[in-house]
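Chains as they are written, first to last, in the numbering used here: chain A, 1 to 276; chain B, 1 to 260; chain C, 1 to 288.
Calculated directly from the structure, the hints in this document are not laboratory data.
Treat the hints with care, as some may be off.
Derived DSSO-like pairs: lysine-lysine, alpha-carbon spacing no greater than 27 Å straight-line [said to hold, decoys possible]:
1. A:K134 <-> A:K96
2. A:K133 <-> B:K171
3. A:K41 <-> C:K277
4. B:K248 <-> B:K171
5. B:K171 <-> A:K134
6. A:K30 <-> A:K130
7. A:K96 <-> A:K30
8. A:K130 <-> B:K248
One side of the interface only, derived from the structure: several residues of chain C facing chain B at Cβ under 10 Å [what the hints assert, rightly or not]:
9. R121
10. N127
11. P135
12. A228
13. A244
14. V254
15. G265
16. T270
17. A271
18. S274
By construction, the Cβ of each residue, glycine as well, lies at the ideal position given by its N, Cα and C atoms.
For reference, the chains in residue letters:
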Amino acid sequence: MAQTVSTLASTFVATSKVASVPQPKPLQAKLCAEGVTMIFKRNGSYVPVLEDVTLSASEGEFVCLLGPSGCGKSTFLNILAGFLVPTQGRVLIDGKAVRGPDPRRIFVFQERGVFPWLTVSGNIGFGLFKCSKKERTSRIAYYVDMVGLQGFEGAYPHELSGGMKQRLEVARALAVNPDMLFLDEPFGALDSITRLTMRSELLRIWEAERKTIIFVTHDIEEAIQLADRVVVMSTRPARIQRIVNIDIIRPRDISSRRYLELRDGILEEIGLAHKG
Amino acid sequence: MNAPLQFDRWERYFWPLLAINITLALWYFSVRWSGTEIFPSPLDVERGMAELVHRGLLWRYTLNSLSRVAFGYVSAVLIGIPAGLVLGWYPAAADMVNPLIQVIRPVSPIAWIPVSIAWFGIGDTAATFLIFLASFFPIIVATMNGVRNVPSMYRCAGRNFGLSPANLIAKVVLPAALPQIVVGLRITLGIAWLVVVAAEMIAVDSGLGYLVIDSRNSGKRYDLVVAAMILIGLTGLGLDIAIRRIEKLKSVRWGFRNEH
Amino acid sequence: MKHLALAKPGLQDSSLPHSQRDPYRWSQISEERTPAAKFRLRPLPSAFITVLLMMWHVAATHQKLHLLPTPLAVAFGIVELAPRGVLLKYTVASLFRVTWGFTVAAVLATPVGLALGSHRRSEMALNPLIQILRPISPLAWIPISILWFGVGDMSAIFLIFMASFLPLTVTAMNAAACIPSVHVSAARNFGLSYWALIYRVLLPSVVPQLIIGLRITLGIAWLVVVAAEMIAVNSGLGFLIVDARNAGNRYDLVIAGMAIIGIVGLLLDTAMRSLEKVKSLRWGYSED
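Construct all of the structure, not just a fragment, from the sequences and the given hints.
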C-alpha cells in the first residue's frame, strides 16, 4: 500500500512495456532540477560531465539514478545536495533555490563516511548539537535500535563490519530528521549478501519514515528493487536517457513477470540487451 | 620469503638479547685485540656509568637535557599546532608561507647557534631557543599536512549537518587530522632530542651533550663519553616509547590500523 | 541570472585507478561553497616574504645592540663572499663530504636493510639495538670520530656516514617488510628463481619507498654536515659561520652563510624530488 501514494503522484503508465514517463509538475514537486549542466575545466580543456539534466521528485518518493560508473551521477547528486555549483541550471527544493548543504537534506556517503574518531553513539549524535541532552540520548537510542546496532553503542567504526558502518551512517543521517536523503552508491563496498540485507533494511526504514530519497547506483537489480522511479542516465556527458516507473507493489517479487520485463527493458535501454 | 611465521613468546626476547650480547662481545674483543688504551671496552663503560651515578651527574645532567627539551618542544607545539591548523585550512595562506618554510627548513638548527648565542648569550635560553626552532617547523608542517589530508568527505558531511566553520574545525577537521598530528609530535620529539644534545655541546655547560664533549676535553675520558652516548640513546628511546603511548588512545587509534 | 561560470576540478588524475581517486575531491574547486574558499585572494608568496623582509629591516635598524644585520647587509655579505672564491670552495667542500658519507652509507645500508627486513627474525633481533642507537645525535659521535680520524675531511665524512646509515637501514627494512606478498606469490607462480625474484620483483617494488627515504636522509645529512663543520672541521659552510662570528662578529656573513645553506639544502631536496617524478616510479606515490 505504501507504494500507491507515489504512483498517484507520478503519471499513469499506459502500456505493459517499459515507458518513459513525464515528471511531476514543478509546483507539486519536492525537488526540481532544471537544465542542470556541469562542465569541468581540467588541464586547460573542458570536460562536460552533465548535459541539461532536468528532474523532479515528489515528497516521499524513492528515485534511483542509474548509470555506469563515472558517468556523472555522483556529480549530479552533489549538485542536488548543494556541494557543487552547476555551470548552468538550478535546483529548487521546496520551491527555494539550493545555496549550499543543509541539514534538512543529508548526504549519505559510502560507509567510509562515518567519523572514525567517534563511537557509534557519537556518530549518531553528531548532528544533534541543538538538542537537549535528554532528547539527544533518547534519539540516539531510538536510531541505534532502528538500524539494529544494539549493543554497539560504545564501539568505534573500525571495530564494525562494512554493513554495520553503512547502517551507522544511515542512522546518523536520520537522527537529524531530514526531509531528503541523498545516497551515493552506499552499498557499493559491501559484499553481495550484505547488500541484499541492506536493501531490505533501507526499504523498511524508508517505509517507516517516508523521506524523499535520491539513490545513486550502477546496479540495475538494485534500482528496480528499491525505487519508485528509475532515472537511466547515459555515459558522459550524462543526460537523462529514460525515466522508468516501477509500478510493482512492494514487497517486490524479483521473479515476477513484470519485474523481469522492467529489467529487460532497462537493459535494452542501456544497450546490454540479452540476445536470443 | 615473506611467509607468515608464528613465533613462540620466548623468541621475542631471545633474538634481541642474542644480538645485543653478540654486539657487546664483538666490541669487547675488538678493543682487546687492537690493544687500544683509549677506547673503552664495555666493562670500562659500565664502570664509567657507576662513577656518574656516584657523582650525582647522571640524573642531574639527564634532567637538564630533559627540561630543555620540555620547554622548547612544548612551546613549539603550542604555537605550531594552531598555526598549522590555520595554514592547512586556508590553502592561500599555505601557498604564501610554504616557500619560506622550504628555505628555512634545510638550515640546521645548529647553524642558528651563533645567532642564538648572540641574542641570548651562553646558557639555557639559547639552547631552549634552538630546540624551539628545531621543533617548530616539523610540527607545523605535519599539522598542515594532516589538515590537508582530511578527506573532503568528512568536511562535506560536517557542513551538511549545519556546523559553523569554527565547529567544523574543532569537531571534524581536528579529530580527523589528529593521527597525523600525533605522528608529527613523535617525530618532532625525536628531532628535539637530537638537537638538545647537539646544542649542549656548544652552548651550555650542563646536560648530556655537554657531558659527551666535556669528558673528552677534560681528560680524554672516553669511557664517560660512551657512557653518555648510551644514556642519550636510552633516554631518547624512553621518550619515544612514552609518546607512542598516545598513539594507542582510542580516539586516535583508528588512524593506525596496521601498525605493530 | 544564468551565466556560464566554469568550475575547476581538483587535482584528480584520471590515470589513477578508481579506488585511489577521491570522488569528493571534486568539491575542492574554487566554486565550492566553503567559507574558506572565499579567502582565495591569491597573494603571492613573494609578497609575504617582502613584508617579512621589510619587518626585518625595520627591526634591524631600530635596535640598540647591533646584533641583527639588515637584509641588505646580508645581501652585500653574500656578494662579498662570492668573488673571494671562498664561498664556492666551502660549498664544494660541504657537498663533497655529504656526497661521500651519504653514498657510502646508502650503498651499505640498502642491501643490509633489505636483507634484514625480509626476515622477521633478524628484524626482531636487531630492532632494540636500532631503537637505542637512533636517538643518539650524530654529533655525539664527534669525540670518537676525532679519536679515530682526527680533525678533517675523514672525520666529517664519518659523521655523515653515521648520521645516514641508520635511517637508511631502517627505511630499507621497512620497505622490504611492506612488499605485498601477492607479488611474491605471483613471481613464484611464474617459476622465477631466487635471484630473479629479488632482481625482477623485490627491488622494483621497494624503489619508490627507498627514494623517499634517500631524500629525507639526504636532508638529515645536510644538516649534520653543517653542524659537524661548525664543531670539528676547518672548512665548509658550517665553518664559514663560526669563523665569520669568531673573526670579528660579522653577523651579516653569518646570516648570509645560513641563507646559502638553506638554499643549497633546498636544491638538494628538489633534485631528489625530481627522481620521484620519473614515470616508471610514479606508481609508488599517491597524488600529493
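Hints versus structure:
{"no.": "1", "hint": "A:K134 <-> A:K96", "result": "33 Å, violated"}
{"no.": "2", "hint": "A:K133 <-> B:K171", "result": "18 Å, holds"}
{"no.": "3", "hint": "A:K41 <-> C:K277", "result": "24 Å, holds"}
{"no.": "4", "hint": "B:K248 <-> B:K171", "result": "20 Å, holds"}
{"no.": "5", "hint": "B:K171 <-> A:K134", "result": "21 Å, holds"}
{"no.": "6", "hint": "A:K30 <-> A:K130", "result": "25 Å, holds"}
{"no.": "7", "hint": "A:K96 <-> A:K30", "result": "10 Å, holds"}
{"no.": "8", "hint": "A:K130 <-> B:K248", "result": "32 Å, violated"}
{"no.": "9", "hint": "R121", "result": "6 Å, holds"}
{"no.": "10", "hint": "N127", "result": "7 Å, holds"}
{"no.": "11", "hint": "P135", "result": "2 Å, holds"}
{"no.": "12", "hint": "A228", "result": "9 Å, holds"}
{"no.": "13", "hint": "A244", "result": "8 Å, holds"}
{"no.": "14", "hint": "V254", "result": "5 Å, holds"}
{"no.": "15", "hint": "G265", "result": "2 Å, holds"}
{"no.": "16", "hint": "T270", "result": "9 Å, holds"}
{"no.": "17", "hint": "A271", "result": "12 Å, violated"}
{"no.": "18", "hint": "S274", "result": "15 Å, violated"}
Comparing the model with each earlier hint shows violations of hints 1, 8, 17 and 18; every other hint is respected.
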